[in-house]
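Participant: Given the sequences, and given the hints that come with them, work out the whole structure.
Residue numbers (the UniProt record's numbering), protein chains in the order written: chain A, 1 to 159; chain B, 1 to 159; chain C, 1 to 159; chain D, 1 to 159.
Be aware that a few hints might be false.
[As the list claims (entries may be wrong)] Only part of the chain C face toward chain B is listed, based on derived beta-carbon distances under 7 Å:
{"id": "1", "residue": "Asp17"}
{"id": "2", "residue": "Tyr22"}
{"id": "3", "residue": "Leu105"}
{"id": "4", "residue": "Arg109"}
{"id": "5", "residue": "Phe110"}
{"id": "6", "residue": "Arg111"}
Simulated from the structure, these hints should not be mistaken for laboratory data.
Using N, Cα and C, we set each Cβ at its ideal position, and we do this for glycine too.
There are 4 protein chains.
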Amino acid sequence: MLLVLTTGGTIDKVYFDASSEYEIGEPTVPTVFREAGVTLEWRLEPLLRKDSLEMTDADRAEIRRACAEAAEERILITHGTDTMSLTAEALAGLPNKTIMLTGALAPARFRVTDAIFNLGLALGAVQSLPPGVYLAMNGTIFPAGKVRKNREAGRFEAV
Amino acid sequence: MLLVLTTGGTIDKVYFDASSEYEIGEPTVPTVFREAGVTLEWRLEPLLRKDSLEMTDADRAEIRRACAEAAEERILITHGTDTMSLTAEALAGLPNKTIMLTGALAPARFRVTDAIFNLGLALGAVQSLPPGVYLAMNGTIFPAGKVRKNREAGRFEAV
Amino acid sequence: MLLVLTTGGTIDKVYFDASSEYEIGEPTVPTVFREAGVTLEWRLEPLLRKDSLEMTDADRAEIRRACAEAAEERILITHGTDTMSLTAEALAGLPNKTIMLTGALAPARFRVTDAIFNLGLALGAVQSLPPGVYLAMNGTIFPAGKVRKNREAGRFEAV
Amino acid sequence: MLLVLTTGGTIDKVYFDASSEYEIGEPTVPTVFREAGVTLEWRLEPLLRKDSLEMTDADRAEIRRACAEAAEERILITHGTDTMSLTAEALAGLPNKTIMLTGALAPARFRVTDAIFNLGLALGAVQSLPPGVYLAMNGTIFPAGKVRKNREAGRFEAV
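Facilitator: As C-alpha cells, then:
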C-alpha cells in the first residue's frame, strides 16, 4: 500500500475569481489518480497547504513524523518545488521507507502542465526503489542530498 | 540514456476529419516529454503504427531485435494495450536491458486521458528497476509474464 | 429560451477502448455549457447519433419537424460537418425561428479542439440574429445556402 | 474585418514559477483563434495587461480612443470581469461600431475554463449585432448599461 502526503505547492494551485487570488486548493492527486485508472491501493493524508518558500522546520518535522508513524513503507509526497530538496534532506534515515517527493512547475489544473506526468513518474519510481529518499522531477529520479532546483533555468539538476 | 520505441496503439490515435477516421498518428511521446520538462537524455525510434490486435510474430521479432541491438540499457516501449503482455513475454531474456512497456486506454490527445500519467509512470520505473521486462499500466508496475489485460473491466491485473 | 438539438457528428465522438472503436457518444453540449457557466435557459433534445455522411432525407425531415414543433424561437443544432450545409438548406422557410447549425472538426473530448469555441460561437450568434438558418464554423456565421465545406482544406467557405 | 483589443484580466493569467506569481501574460486570443480554425480576417492590438480592479479613467479613455480610431466596425475586447461593465459604459456613443466585451472567470490556459467558449460567444455575437456596446459572459449577450457582475455568485446578471 501507498501513502500520499500532500503539503501544498504549485501543483495544487487554483484560481479563485472571487478573491482575484491564486491559492493552493484541494489536493489534485485523487483526481489525477482516478483519471489515470490507478488501481494500486493508496491512502491520502493532506498535511499542509503551503508554498514551499514558507515551509518551516516545524513543518518539516511534521512531515517527517507522518512518514515515521505511517504503516506504509512506500510514501509519495507532493510539495512545492522551491524547497523540495531541503525537505527531502530532512527525511533522511527513516528505516524501511521508500519516500518519493514530487511537485510541479505548473498547476495540475492547467491545460499544459508537468503535474500529471510527475505524479506518474513519482508513482512508478516509489514502487520500484529500495528504501531511501528521492525526488522525481524533470523526468528524472534524484537521490535526496544530490539535487537542487536551478531556479533561473526552472529545472532540477544533480549536484 | 533511454531509448523510446513506439509501436502504435490507442495512445497515439488521432482523428483525421478528412477521412472521418480515427487512426494512429505521429508518436506523442516527444510532445509529452517536452511539456513535462523531461531533461533525461533519450532517443526516439518509431518502429510501427499498429493496433496491437494486429501485431504479428514478425512484428514482435522486430521489436525484440531493436531492443537487442540498442546501445541503451533502459528501453521504454509504447504499445497498444490489447496484446501488450504478449509482446512483453516475447522480450524475455535480453541481458542487461530494463524494458518497460506502457500504453493508454485513451489517446494522449484527449483532454481526459491516462496517457500522460502512464508515460511518467513508465519513465519513473524504467530508470529504477534492475534488468527485466515490465508493464506500467493502471498506476502499477507488473513483471512480464505475470499480468494480463482484463478487457471487460478495462484494466490490467496480476495473474 | 433556447432549444439544443443534437444529431451526432465528430463533435460528440468518443473512443471506446473495449471495442477499439471510435463512436458517437453522449452529447457533450451539457458539459460544455456547464463548464462555461452558461446561465441562459435552455433545453436539450437528443435526436440522432449519426455521422453526417449517413444522414438521410428522413433524418433531415425529422430535424425539420423538431424545429417546427418546438415552442422555442432560438434553436442550436449540433451536426456532423460533412453535410451540415445540406441539412441547413432543408430547414429553410420555418417562420419565427433563428436556427444555428454548428459542429466540430475535432471531438469536444480532445485537448485541442474547435468544439468548445464553436458552441460558444453558435450560441452568441443564435441569440443575436433575426429568423433564418445559419452555420457557425471557422469563427464565421454563414447564411444557409451560401456556404459549403471545403473538404480538402478542412474548412467552411462562403459560395 | 475584426479588431481584437486585449486589456488583461483573468483570461490571460499565467503562472510564473520563477516568481511564484500568477500574472497576466501574452494574449491568448491568437492561440484560441488558431486552434478553433478561425478564418475571419482579424487584427490584434494589445493595449494593456491589467487586472480590471486596477483600471483607471485614463485606461478607459485609451480603450475608447482605440475603438474610435480603428478602421474596423467590429471590435472584440478582452477584459477583466470585475469592472467590465464599467468599461462598457465608457464606450457608449461611438457611431458605426459594434463593440463586444468578454473575459473569463478562469484563465484560458486552464484545462477547465470558460475562456475558450466566451471568445467564441463574443465572436459569434459581434459579427451578428448592430452597432452598440455589449458584454458576452455566461452564455449570454447583455447590452451595456443593463448588466452587472454578481461577485458573490460569480456570474453576470441583467439589471
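Participant: When the nearest CB of chain B is found for Arg109(C), is that gap smaller than 7 Å?
Facilitator: With Cβ-Cβ at 6 Å, under 7 Å, it holds.
Participant: Verify the interface restraint on Leu105(C): the C-beta must sit less than 7 Å from at least one C-beta of chain B.
Facilitator: Constraint on Leu105(C) satisfied, holds at 5 Å.
Participant: Can Asp17(C) be said to touch chain B, with a Cβ gap under 7 Å?
Facilitator: Holds. Min distance 5 Å.
Participant: Given Phe110(C) as an interface hint, is the shortest Cβ-Cβ distance to chain B below 7 Å?
Facilitator: holds, 6 Å
Participant: Given Tyr22(C) as an interface hint, is the shortest Cβ-Cβ distance to chain B below 7 Å?
Facilitator: holds, 4 Å
Participant: Once the shortest beta carbon distance from Arg111(C) to chain B is found, is it less than 7 Å?
Facilitator: With a minimum Cβ separation of about 4 Å from chain B (threshold 7 Å), the hint on Arg111(C) holds.
In this structure, none of the earlier numbered hints is contradicted; all agree with it.
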